[in-house]
Amino acid sequence: MDQAAFTIVSPIPADKVQDIKDRLEKTGIATGQGSAFPFSTHKYDRLHYCCFLVLNDEDKTPLLVFEGNIDGPKDEFFAQLVQNDLTFLREVYGLCKDFPSDAGDVVQYLQDHDEGYNAFYVGKPGRTVTQIMQEETLRVGIEKHLDRNPELHQMSPEEVRSNIQDFARSYFPWAEQIPDKPWQVRFGKWLIGLALLGVVAILVGSTGYFGKMVQHVSWVVVGLVIFSLIYLKYRESRDKQAEVDWKQDHIKDIQANEDKMLQNHLTSITEIKAGLGRGIGLRVILSLINFAARFYFFSGNLGGITTIHFARWRIIDGGRRLLFFSNYDGSWENYLGEFIDQSSLGLTAVWCNTELDKDKGFPKTGFLFLSGGSRDEQRFKAYARSSQRKEHIWYSAYPHLSIKNIINNMHIREGLYGNIKDISGWLRRF
Amino acid sequence: MIDFDDIQGLLFSGYSKTMKQASYHLLQIDNVQATKGWLRQMISQEKITHGDHRGTKWCLNIAFTADGLQKLIGDVETFELAFREGMNSDRRSHVLGDVEDSAPEKWHWGNKANPVDILLMIYTKNSEMQSERDEIEEKLYLENGLRRVGGDIIYAAPGGQEKFGREHFGFTDGIAQPVIPELKSGTQKTAQTIRAGEFLLGQVNEYKETTLVPTSKDIKIGLNGSYLVFRQLEQDVGGFWRYMENQSEKTGRHKSWLAAKAVGRWPSGAIVEQGQNTDPGIITLGELEFNQTDPHGYGCPIGSHIRRSNPRDQELGASVEKSLEVSRRHRLLRRGRNYGPRLDDPYENDDQQRGLLFLCLNANIERQFEFVQHSWVNNVKFGRQYNEKDPIIGAFEEGNDNKFSIPGTPLRTRMKDFPRFVHTRGGGYFFLPGLKALDHITG
Chain B
823 MDQAAFTIVS PIPADKVQDI KDRLEKTGIA TGQGSAFPFS THKYDRLHYC CFLVLNDEDK
883 TPLLVFEGNI DGPKDEFFAQ LVQNDLTFLR EVYGLCKDFP SDAGDVVQYL QDHDEGYNAF
943 YVGKPGRTVT QIMQEETLRV GIEKHLDRNP ELHQMSPEEV RSNIQDFARS YFPWAEQIPD
1003 KPWQVRFGKW LIGLALLGVV AILVGSTGYF GKMVQHVSWV VVGLVIFSLI YLKYRESRDK
1063 QAEVDWKQDH IKDIQANEDK MLQNHLTSIT EIKAGLGRGI GLRVILSLIN FAARFYFFSG
1123 NLGGITTIHF ARWRIIDGGR RLLFFSNYDG SWENYLGEFI DQSSLGLTAV WCNTELDKDK
1183 GFPKTGFLFL SGGSRDEQRF KAYARSSQRK EHIWYSAYPH LSIKNIINNM HIREGLYGNI
1243 KDISGWLRRF
Chain E
-14 MIDFDDIQGL LFSGYSKTMK QASYHLLQID NVQATKGWLR QMISQEKITH GDHRGTKWCL
46 NIAFTADGLQ KLIGDVETFE LAFREGMNSD RRSHVLGDVE DSAPEKWHWG NKANPVDILL
106 MIYTKNSEMQ SERDEIEEKL YLENGLRRVG GDIIYAAPGG QEKFGREHFG FTDGIAQPVI
166 PELKSGTQKT AQTIRAGEFL LGQVNEYKET TLVPTSKDIK IGLNGSYLVF RQLEQDVGGF
226 WRYMENQSEK TGRHKSWLAA KAVGRWPSGA IVEQGQNTDP GIITLGELEF NQTDPHGYGC
286 PIGSHIRRSN PRDQELGASV EKSLEVSRRH RLLRRGRNYG PRLDDPYEND DQQRGLLFLC
346 LNANIERQFE FVQHSWVNNV KFGRQYNEKD PIIGAFEEGN DNKFSIPGTP LRTRMKDFPR
406 FVHTRGGGYF FLPGLKALDH ITG
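Residue numbers (the working numbering), protein chains in the order written: chain B, 823 to 1252; chain E, -14 to 428.
Misleading hints may appear alongside valid ones.
Quick list of the computed label-pair ranges, beta carbon to beta carbon [claimed, not checked]:
1. E:Lys202 with B:Glu880: 45 to 55 angstroms
2. E:Leu270 with B:Pro972: 52 to 62 angstroms
3. B:Ile1102 with E:Lys193: 29 to 39 angstroms
4. E:Glu274 with B:Arg1142: 28 to 38 angstroms
5. B:Lys1069 with E:Pro166: 32 to 42 angstroms
6. E:Ile(-13) with B:Pro1001: 38 to 48 angstroms
7. B:Thr959 with E:Asp75: 51 to 61 angstroms
8. B:Ser1246 with E:Lys42: 37 to 47 angstroms
9. B:Pro972 with E:Lys91: 48 to 58 angstroms
10. E:Gly59 with B:Glu880: 23 to 33 angstroms
11. B:Ser992 with E:Gly384: 48 to 58 angstroms
12. E:Lys193 with B:Val1044: 45 to 55 angstroms
13. B:Thr959 with E:Gln55: 44 to 54 angstroms
14. E:Ile28 with B:Lys1069: 44 to 54 angstroms
Computed cross-link-like contacts, SDA-like style, restricted to lysine to any residue with a CA-CA straight-line distance of at most 20 angstroms [claimed, not checked]:
15. B:Lys1180 with B:Trp1068
16. B:Lys1186 with E:Glu194
17. E:Lys205 with E:Gln370
18. B:Lys1226 with E:Lys235
19. B:Lys1069 with E:Thr200
20. B:Lys1226 with E:Lys202
21. B:Lys966 with E:Lys388
22. E:Lys202 with B:Lys966
23. E:Lys307 with B:Pro972
24. B:Lys1074 with E:Glu70
25. B:Lys1062 with E:His93
26. B:Lys1082 with E:Val84
27. E:Lys401 with B:Lys1082
28. B:Lys1074 with E:Asp60
29. E:Lys401 with B:Asp969
30. E:Lys202 with B:Lys1180
31. E:Lys388 with B:Lys946
32. B:Lys1082 with E:Asn385
33. B:Lys1069 with E:Thr63
34. B:Lys966 with E:Val365
35. B:Lys1069 with E:Lys388
36. E:Lys202 with E:Gly428
37. B:Lys946 with E:Glu194
38. E:Lys401 with B:Pro979
39. B:Lys1243 with E:Thr63
These are calculated hints, taken from the structure and not from any lab test.
Quick reminder that beta carbons are idealized off the backbone N, C-alpha and C, glycines included.
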C-alpha cells in the first residue's frame, strides 16, 4: 500500500488563536503514543505520524495546521476520522471559519483544506504501519527464541537459520508471505535509466525536420538555463543573509518538546524570497526532489541522511511561504549535522530561495548552491532554529523504532525463507 | 597566527608527565570586588599557566561557570546556550542521562543547592608541593571574597610513571587524544588530526569556518578561550566485576573477555581482535581503522565503549573519508584524572569513593560533548541496535531491558540486566578564558 500525506491548513480568526492553542494543549501531552492521546489514535491502524500546530506569525493570517502521514487513500482516512473523533474535531475546528456543522460535510471540509505537497519523501515506501508492527514482533520473538536456546551458538549458520524457520512457522505463519513492493521501488531505477537513454537517443539520433526541431529546442533550453543561472547569481550577490541570532528563549521552548522519545518532529516555516526566478527555481528544485524521492531514494537514505521517516515541503500562502515537516530519528543536533555533513547540496538548493524576513536570508551561498549555504554550520543552525515552530500535539505510531530498525526488520522477514546468499549476514541482523 | 601565550596551558597539555598531583577547588563568589582583586593579583604575579610553558613545580588554571561570569561581567548572552543553562538544567540532565541516582538533586556540587562560580585547578610535581600550593592558594581565595563549595578540596589520585594510566575498572585510559597541528609545531595534518577551532574559540574549525566568539561590551571576550566540561563520575568497581563474573556463568565466556568486549580494548590497551581469548598485553597506539579491519565488530564490538565514544571511519557516512570527516566534528580534548584509592579486591567495594574526574575541552558543547553523550554513548539506536547503550558508562535505568550484544558467529552473545556502573556526583560547564579575556573580566 502506498503512503500518503495530508496537510490541512485552516485560517483562524485572530481573536480565537489562544483558544485553539489552549484546547490543543489542555491534554497536557505534547508528544506521545497510545490511548493517552487526545483523540483515539489506537483506532487508526494506518496512521504513521500526525501533528497539530498553530502558526501565528506577525502580519500573517493565523493558521491551524493538521498534518500527517498515512497508508492508503486519504479520503478513507478522513472518513474514519470523522466517524471516530467528530467531537474532538468539532472542539478544535469549531472556532475556525467555515467549519461545517453537519457531520456529513466535515470530510469535504478536510479535503478542501488539504494543501497537498510540492515534495514528499518516504523513508521506506510500501511499509505500512501494520507491517512495521508485525515485523517488529517477529524480530522480538526470534530474539527471545535465540536467547532461550544457547545451544544454537554451537550450530552452523545454516542449522541456526533452519531452526529459526521452524520456530517462525509455528508462531508467525503470516511472515512467509512477502508483501509486494510498490512499483516505483521495483522499477524506479530502470525508469530513470530508460528516461535518460531516451533523452540521449532523441538528442543524438534525430534527423531531418524533427532533428532540426530538437536542435532548436535544445538551444532554447540551454539559453534559458544559462540566463536563469546568470539571473540567480545576480540576485544571490545582492541578497542579505540573516545575522547569527540564537533566539535562546525560542530555542529553549522548542527544545522542551524534543527528545521525549527516540524520534523527533521538526516544523519549519520560511518566507520565499521575492522575484520570479526564486519562486520558479524553488518549484523546479522541489519537483526534482519529489521525483528523486519516488524513483531513487527509497531505501531509508535521502542523499546520505539515514534518519528520516517522512518529510515534505509545501509552498503556502499564495507562493509566499515554504512549510517543511519532518519526522526523524535521534537528536536535532544529529539531524542537522547529517543535513550539513551529507546533503548540503540539496538542502541549500531548496532553502537558498528562502529568508526569515526581508534582508534576513539563508546563509550566503557561493555559486547558487555549490558552496556556502548550509555548510556555514553555525549560521545555518541558527537560521534553522529561528525558522522552527513548536507543535502542540505530535503523535508517532512506533516511537521505539528507527528507520534503520524498520528496514532491518524488513530484511529479516524477507530473508527468513527461501534461498539467500549470505546466511551469516542475515544472522547478523539479530 | 595563534597567540600561544594568550591561551591557558590546559589546552596544550594535561600536565601528566611532570605534574603527578592535582587538586580542584570549586568556589563561589561572595564578594565580587574582592574576587576581582584576587584575579588581578593572580594575573600580575603570572600565576596562570599559559602557552606551552610549563611551571617546573606547579601549574594553575582557572575557569568560570555562567553564573560566575555573570557576577563578574554582567552579561553572558552571547555565550553558548548550553553553557548559560548549565549542566544541571532539566533538559541537559535528560540528554546526559543524569537521572535517578545520578540526578543533579543528589550531586555533591554543581546543583542548585551547591552552585559553583569558579573552578581553580592546581597541578604539582609531588605531594609536598601540592600541600604547600593548596595552603597558599586556599588562604588567598578564602580571604578574597570566595567560599569553597561541596566541602573538601577534590584531589586527583597521584599519577604513576607510565605514559598511560589505568582507570579504576583496570583499563588503560587516555589513549586516543586529538592531535591539533596548529598547537603543536612539527605535527602533520592527517585525516585524524583536528583543527584548533574545535577546541579554541575564534579559530577555524572542522567546518572550515571560524567559530563564533562570545563578546562582552563589544570586546571579543571568548577569543582563545574554550568551554570546559567537568564531571565527577563515581565508579562502582565491585559492582562492575561482580556483574562480569555473574555474566560469565550465564554466557560461558570468561569475565575478562566479557569486560574487554564491553570496553573495546583489553586492560593493557590492546584493541580486541577477532578470535582473541586473552589480553595480548601490548597496547594498540595509532589510528584505528575499523572499516578495514573490523567492519562487523567481531573483534571490537560496534556498541563497545571506545567505538561509541569515537566511531572514526565507520557508522558516520557512506565512505571512510566521509565518516572520518564527520567524526572530526565531534571530538573532545580530554584532561581528566582518576580520584580515590585503588581497590584492593576488585569484587568488593570498600567505603572509599573512587572514579574519574572527567574533564574535557571543546568549542561547542552541544555539537561536541553533549553530542557524544546523546547521539553516541547513550543512543540506544547506535550502530545497528534497537535498544542498547554504552555498556561501561551508559545511563542504564532500572527496570529497562538493559543489554549488550557482542557480535559473533553464528550468533551474537548477549549480556543482560546491566546495572549502571558509573554515577554522576557533580558537574558543570565552565568557560576557560584566554589571558587577555581574563584581564577584561577583572575589569
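Check the structure against each numbered hint from earlier and tell me which ones fail, lowest number first.
Violated hints: 1, 2, 4, 6, 7, 8, 9, 11, 12, 14, 17, 18, 20, 22, 23, 25, 27, 30, 31, 35, 37, 38 and 39; rest satisfied.
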